Every structure is written in structure tokens, then in C-alpha cells.
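Colleague: Chain residues, written in single-letter form:
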Amino acid sequence: MNTNEKYEIADLVIKHAIKNGADEVAVAISDSASSHIEIREKKIDRLQESISNGLSLSLYVQKKYSSHSTNHLKKDDLMKFVEGAVAATKYLSEDEFRYLPDSERYYKGGGEDLMTMDANINTLDPKSKIELARQAENEIFGTDERIISITASYDDSVSSDVFVTSNGFKGESNGSFAGISASVSIKGETGRPQDYWGEYCIHLDDLVKSGIGKKALERTIRKLDPRKISSGKYLMLVDNLAAGNLMGPFISAIYGSSMYQKNSFLIGKANTKVASEILTIIDDPLLPKGFGSRHFDQEGINAVKREVIENGILKNYFIGTYYGRKLNLPPTTIGPSNLVFKSGDKDQAALVKSVKKGVLVTGFNGGNCNGSTGDFSYGIEGFYIENGEIKYPVNEMNISGNMKEFWNTLVAVGNDPYKFGSYLTPSMLFDNTDFSGL
Amino acid sequence: MNLKRREFIRLGGITVAGSMVIPSLLNSCKGNPVSETAASYMDHFEVTPEHLQKVLATALEKGADYADLYFEHTVSNATSLQDKKVNSAYSDITFGVGIRVLKGDQTGFAYAENTSMESMLRAARTAASIAESNSVWSPSTFNEIIPRALYNITTSWEDVVIKDKIPFITSLNDKIFAGDNRVTKVNISLSDSTTYILFYNSEGVLSWDYRPLTYIMARTVMEENGRLENAMVSQSYRKGFEFMTNDLVDSLASDAISKTSRLFEADKPKAGEMEVVMAAGSSGILLHEAMGHSFEADFNRKNTSIFSDKMGKKIAQDFVTVVDDGTLPGDRGALNIDDEGVPTEKTILVNNGTLTSYIHDRISAKFYNVKPTGNGRRQDFRNVPLPRMRSTYMENGPHKHDEIIASVKNGIYVEDFSNGQVNIGPGDFTFFVKFGYIIENGKLTKPIKDINIIGNGPQALADITMVADNQKIDYGTWTCGKDGQGVPVSMGLPTVKIRKLTVGGING
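For the protein sequence lines, the chains are A and B, in the order given.
As numbered in the numbering used here, the first sequence has no gaps in its residue numbers, which increase by one up to the final residue, 438.
As numbered in the numbering used here, the second sequence has no gaps in its residue numbers, which increase by one up to the final residue, 508.
Lysine-lysine pairs mimicking DSSO-like chemistry, simulated, CA-CA at most 30 Å apart: (1) B:LYS270 <-> A:LYS356; (2) B:LYS482 <-> A:LYS187; (3) B:LYS85 <-> A:LYS19; (4) A:LYS233 <-> B:LYS409; (5) B:LYS268 <-> A:LYS404; (6) A:LYS80 <-> B:LYS85; (7) B:LYS409 <-> A:LYS228; (8) A:LYS273 <-> A:LYS404; (9) A:LYS209 <-> B:LYS482; (10) A:LYS269 <-> B:LYS259; (11) B:LYS310 <-> A:LYS187; (12) A:LYS187 <-> B:LYS314; (13) A:LYS326 <-> A:LYS90; (14) A:LYS63 <-> B:LYS85; (15) B:LYS482 <-> A:LYS127; (16) A:LYS404 <-> B:LYS259; (17) B:LYS85 <-> A:LYS262; (18) A:LYS233 <-> A:LYS357; (19) B:LYS443 <-> B:LYS400; (20) A:LYS228 <-> B:LYS270; (21) B:LYS472 <-> B:LYS313; (22) A:LYS42 <-> B:LYS366; (23) A:LYS42 <-> B:LYS62; (24) A:LYS289 <-> A:LYS170; (25) A:LYS43 <-> A:LYS209; (26) A:LYS357 <-> B:LYS500; (27) A:LYS15 <-> B:LYS163; (28) A:LYS262 <-> B:LYS175; (29) A:LYS228 <-> B:LYS310.
Facing chain A, a subset of chain B residues (Cβ under 7 Å, in silico): (30) VAL86; (31) PHE95; (32) THR126; (33) ILE130; (34) LYS163; (35) THR304; (36) SER418; (37) GLN421; (38) PRO426; (39) ILE454; (40) ASN456.
Treat the hints as calculated values from the structure; they're not laboratory data.
Every value quoted in this text rests on a predicted model; they were computed, and no experiment measured them.
We put the beta carbon where it would ideally sit given N, CA and C, even for glycine.
Construct the complete structure from the given sequences, taking the supplied hints into account.
Modeller: In C-alpha cells:
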């Protein structure tokens, strides 16, 4: 489907919904093409190609609201779908806060190219993709007798979307990525350690083609024969890949919806200190080639750069139109784009050197955080550090604490932002974390 | 199910399924070698027996061993309450056909989002490219597998309009608010889905399924002296609208109040290793994480599971028997046929302490030269089937619940959970405890909450020292994730004691 065809369907759906009694309508139409290739033992284990499309619809009918989605875009059926959806909405209760955003807040076009899409990914032939995955396996195949299994993968996706509202928004966005990854299992004394490494990019020219298999194997071998250490309070260094997981509950707590549902430990904390002064986080939607870059959010709202945390002070919540009205707070944007962290001056190796007795956490295993109270507890794996040196791998341990206090124990931030996602988390060092082990 | 009556849209129903069910039984199917039921599913997807054979022949034209077609049409609805009003609703239609081609254990896969021959043949050619020679497949005859009837529906969700659902939702909300004056927020969602499946493979297996699935979920927040606590209650079944009753509303409301209010008394325990008693019911999460995933045969075929070399070996005490069952009527994990057209069964994984079976799909069953166990499952037509659990539970043992509690000097008793995870290779598994108690000198004492427990699968299984006779299946809305695909499951356990697990908490 090209962009014009998508706009035509969107217009048709909006007109039909209004004809059937809707007051306002928003429609998003997307299509994407993606491939997934897995290589195992020199053979293609899986070759998967997907081409899909979808339509989603928000309806505002007599102050009542519903939303719908379908991948069945045959015109007659789609029109019946819209009719049924409008009719059903009328049975709901009224909600005075449900109406489209003020059109003044919409993105009006004319922004710089954010370079979120490379159409060349579509033209890469399947054989080349297979070769890219093979390369990751070849790097390490047969190089170590402890290797039990290697799965090397190539993934890519190209997608394009249009979003149209009945009060004047019309916009399109595109995205792509390609990446190579490898997952390795090796035979240990007791278990079978497993780890993974993957590198992703938006533009094919930026694709890192070698070293991925090697890195996955290194990450696995260092986990051989882990131990459990005594329960107690330790310094905790979280590596940049794992740090994204710790951000999850914190970001969730500053959503308007979480605050309204009282599922946030940061209600009423705007402009107060919620974290150590070394933490500064910026939501930057306009970062060129960012995985989360955008000119407008899911509601069509013009994207702007905002401070989320500045020197430990909570500056902005993520507030969409609906919950902004309910909370009587000015709306910002419905959710994060790229989260950029103010850098520290040390890399991970230097941070390890600074630790007298602690644990480098490289992965989390389950666990959860109670959104209302901030109490958390997670399983971890990683490495024991003593006198600035990594001693041995640790596993089968938990960390526990409360998010309100925990972020104030952040004592150092690395200069190593994670490059392959929209949360550009650096390594982070926390003081006095509760570990449970032996 | 009779499909003929699904041709209309019920006004006021958020359900819009009828919009896609095209004509009544087509005459074109007459004289074809399939039953009237199979023909009605073919009509639903606008395909004929000849179409199916043509698409399969194309999928196999490069010389693969096996191919299958999985047609799916799912209509889902969710009706939600916030601020004491049912003021939002959601619906979704998912429609398409997944085409899978196997050569040995290699998989080629593609799908089409409509069932025109052009789209299906294009997807078939893509999937076919996993093989690289040329061959001609001679169509098999149709070998129909009549699915068993595990979901006995009185009122189909397709016949329920939104206004019929609203009174139950508001009644649940009112009862929760009436039950405790600390309640400040209640969010409720009633969700249902109806799935039509048509399956055909190159061995001639032709089958179909009509799968209802529903859940109701309520999240309650209470506030006391500025402190917030929240708890979730839910129930889920493969049942029709008849599952919504006033009794269910009453029991959910009373659970919501007790589960939320007791949290004000609870605290974190002391960190470290200790004896853990798992309550009967949702503690089945232990089986799901500590062993279930590690028994999935794809991990064992690839040698990456910690149980890869344990088949036929003693891995637990004699009184431990663990099953994965796809045949519990109305259960969230039940399936008449799996997503590879294999009838489900009750699979004994651990029999009196000995590992007797892995969890198989067609690929792994062929690899191990065993019968498939009916565990080949997929999230939807866009995904390949994988070995997945259904309802995983432990059979009763010789001990008594009270005897187990009384036997613990220092430990914890856990009874409510939100999530769990496992690392297949090392075997480390976790589950997150929403509520439990400390056990001191054989008695339950202080309530505890919000802590993670971690252990090692084979060790924990060997460390099960007592199993009670009070087995219970949990009807919570459990969804199992693997390889990016979610599927509905259930779980169960009698009261069980584990000698030692590592409990999250505070230090000194």
C-alpha cells in the first residue's frame, strides 16, 4: 500500500464513521515488511517473511469513546466494521473528557528529516540476508569445544504509517531497522550458560557485520560456573544493556495514566527531588537516526525535546490529552521517545575499578515492582567485584528495595549509552543495594 | 458450532464478526470429499478443497518434507470500567492464513492476510524457499480429524451485545466500593474472543476448531493514611457468556477486598535462603517456570535445556507426578486440537519422580521419534507453532496441608503471584510473590508481599520434600510468553514444601 492509498482508506473510514453518527474520528493505517532468518549448525533453521497491514480507529460518539483495530481491509467488510463499531459505542457511558486534542497542538509538518527509515533494506535480497546471519555463526563455529548451540539471526523490518483525524491532522511516519544477533549455549560443570549479543541499526550502511558471534560467545564463556554470595548490602553496578529494565518502573510511574489510576509512586512529585543529582534524563524525539525519533506522537501532538529529570529533580510527566484533562494538568506527550542520559566520565571498566566490594549486574531474571508503592524485587545474574576486579560470575540471587529511595542511591553514571534502542541507558552504579543470596 | 447463523451484525454488539462471514454454505462445496462441517469452515475462509491442495502443492514445489496451512479468524472485544462507569470499549479482528514448510527441522514460514489465491500462493512460494530442489506433491485425500468438544458453550460471545455485559461490570464495581471504605479506584475489564481455525497439512490432516476465551479482571486501589495498596483479581475460561454470573461477581468482589486490604499489614521478609511452602492453586507457577519451559522439546533438541540429558532419569521424589494437560473442559489452557492439527492429551511429564516425556510439537516429535503430544501452539497465524504448555499441574501427594505448615521452623508460605521467568540453560527460575506469610515454629505469622523468589529448576524439583492431597487448578488469566509469542495457559498445585529457595528481602 502506498501513502496515498492509505490516506484514501483513512478518509473513507472517517467519512463513513461520521455518516453513521460519530462526532470525531482518528484513524491510523500501517503496513510493514519484515524478515527473520535463523542459522543453526550451518543450516537455515528458520526463514520467515512477513508482510502485514493494519488499521486502528478511535471513535468519539455522543461523548462516548471506543477504539478498534483490524487487519481485514477489504472495503465492504471494513465499512461494516465501522458501522458496528459506531453502533456499539452508543451503549457506553458518557465521558466528558473524551474528545480529540486541540488542533493547535498538532504537528504541522515541515520538520527536518529524522532519518528513521532506509528503503534499501527492502531491496536487500534474501541470499545476502542469509549470508549476514551465517557470518555471525561462522565466526565462532567449532572454535570452542564447550559450545553446545549457536543460533545466529538476521532481522529487519520496514514500516510506514499514516495518521489522520477528523479535526485536521494528517501525517505520515516511517521506520526501519536491520540487525544481526547471536545466541550461544555452552556446557558448564552444572548448568548450560547462555547469552546473547545483537547490534541493530536504522540504515543499512550502519550495519555492523562482524564481531557479533564473537561477542556473544565471550559473554557466555564468562558466565561459566557461577556462584551465589552471602546476602547483604553491596554496591551494584548495572551494565548499560540491563539498566533499561530498571528504568521501566520509573518511567511507568510518570505516565499520566499511572498517576490517575494511583498506580504510581511519583504522584505529586513534580519539581521535587526523586533521584540522585547526577541523574539527568532528556526525552529527545528529534534525535537524528534515533530508534524512538518522531515528529508527532500517537495523538498527532507536535514532538518537542523535554527534560524528564534534571539533576535529580522531576521536571515533566508523560501526559496525554485524555489524562491531562482528567488530572487537570497540562498535557506533554503520551509517552517517551528517545531517553538520553547526561553522561558521566567513566566507562564500565573504570566503574568496576572504583568498586571495592560489589556486584556487576548484567541481566535480570523475573521480578516486579509494585507501581503504587515502588517496592521492587528482581532476580539477577552478573559478576562479583572485589577491590576493583571482576572475580567470578554470580547467579540465583535477588535484589530488593523501593524505587523512591533506590534512585537516590545512584552514585555514578557511565559514559557508555546503550546504542541499540530508544532508552540510551549508560552503566549505573548504586550504593547499598539489598542482595539476597546464601 | 453452526456457522450459518453468524451472518448478521447484532446492533449494539461491539462484536462485528458477522461482517466477515460471507455467504451461506456455498454450493461449490457439494460433491467435495469433505464433511459439511469442514465445508462450512472452508466457506468461512472462502476457500475450497482444491484451493487448499493447490496452495500446499506450491508450498512443496521446492522439495520440502511437509507443509501446513493454518487459517485463523479471531474477533476480540474488551469492555472497560473506570471511574465507576463503563466508558470505553475495544474490539479487534485478526484474519489470515499462516503457511509453514518443513524440511527436516528447518522451517520456512510466511502468511497472507487475505485468502485470495494470489496472496496465498505468494506466501506459499516464500515459505517453500527453505528447500532448494524441485518436486511434485501428489495431493493426499482428506483425513478429517473431528475435534473433541472441550468448550461447552451455552451463550456464544458472538451473540452477546455490549449492553448485556455492562450490568455485571458495574455490579462488580459497586460491590468492591461497598465492601471497604478505603477503596479509591477500581478498574475492570471484561474481555472475550472467538477464534475460528481451519487446518490442513500435506499428510492430508484436515481439522478445525471454534475457540472461545474470556476473562474478567479487576484492579482495586485502597488508600489509608496516605498509603496506597493495590491488588488484581481475575478469572479466565474457555466458556461463553454463561460464565458471568452473580456468584462470580460476588466472589471476585470479596477476593478484591480481602486481597487489597491485607496488604496494609504486610512487609518484606528477611533476605536469604529458606524453606518455602507453596499454597495449593496458583503456586503451579513453580512448575511452569522451574521445569515446564525446560521440558519443552525444542530446547532439549538443541541441547540448551538443563534437562537435556535427564530423560528417563529420576529427578524428584516418588510422590512427585507432574502433567501437562490440554483436556480440562472449559480451562484456559484447554484445546480440542493444537495449532498443528494434533488432538490434545494429558501428557505425564514426571511420573512418580521420573522424567517421562518432554513437551512436543511436530518437529521435535519427529526428531525424538515419539508421538506429538498436542503441544504445538502459536500466538496467531502470523507466528510459527512451538512446543508450549497448556495446563500444567502436579497430582496429589501423600501429605496433609496442616502437616506441611507444622513441619517448618523458619520459612515462608506463599499464595499469590504476579509473574515468573526462567533461564533455560542455567535453569534459574523466578516467581514474584504478591502475598504470603512468614512461618515460625510451624505457624503462619507476619504477612509478606512484593518479593521475588529465585531457585534452580533441577535442584528445586529434587528439593520437593512434601506434597499434600489438596490439588487445585488456578483460573487466573495466565499468559505464557516465549519467543515473542503469548498463549493462554493455566496451572495448578497441591500444597508443596521445597527444602530451600532464595527469597528476596531486606538485610539486617
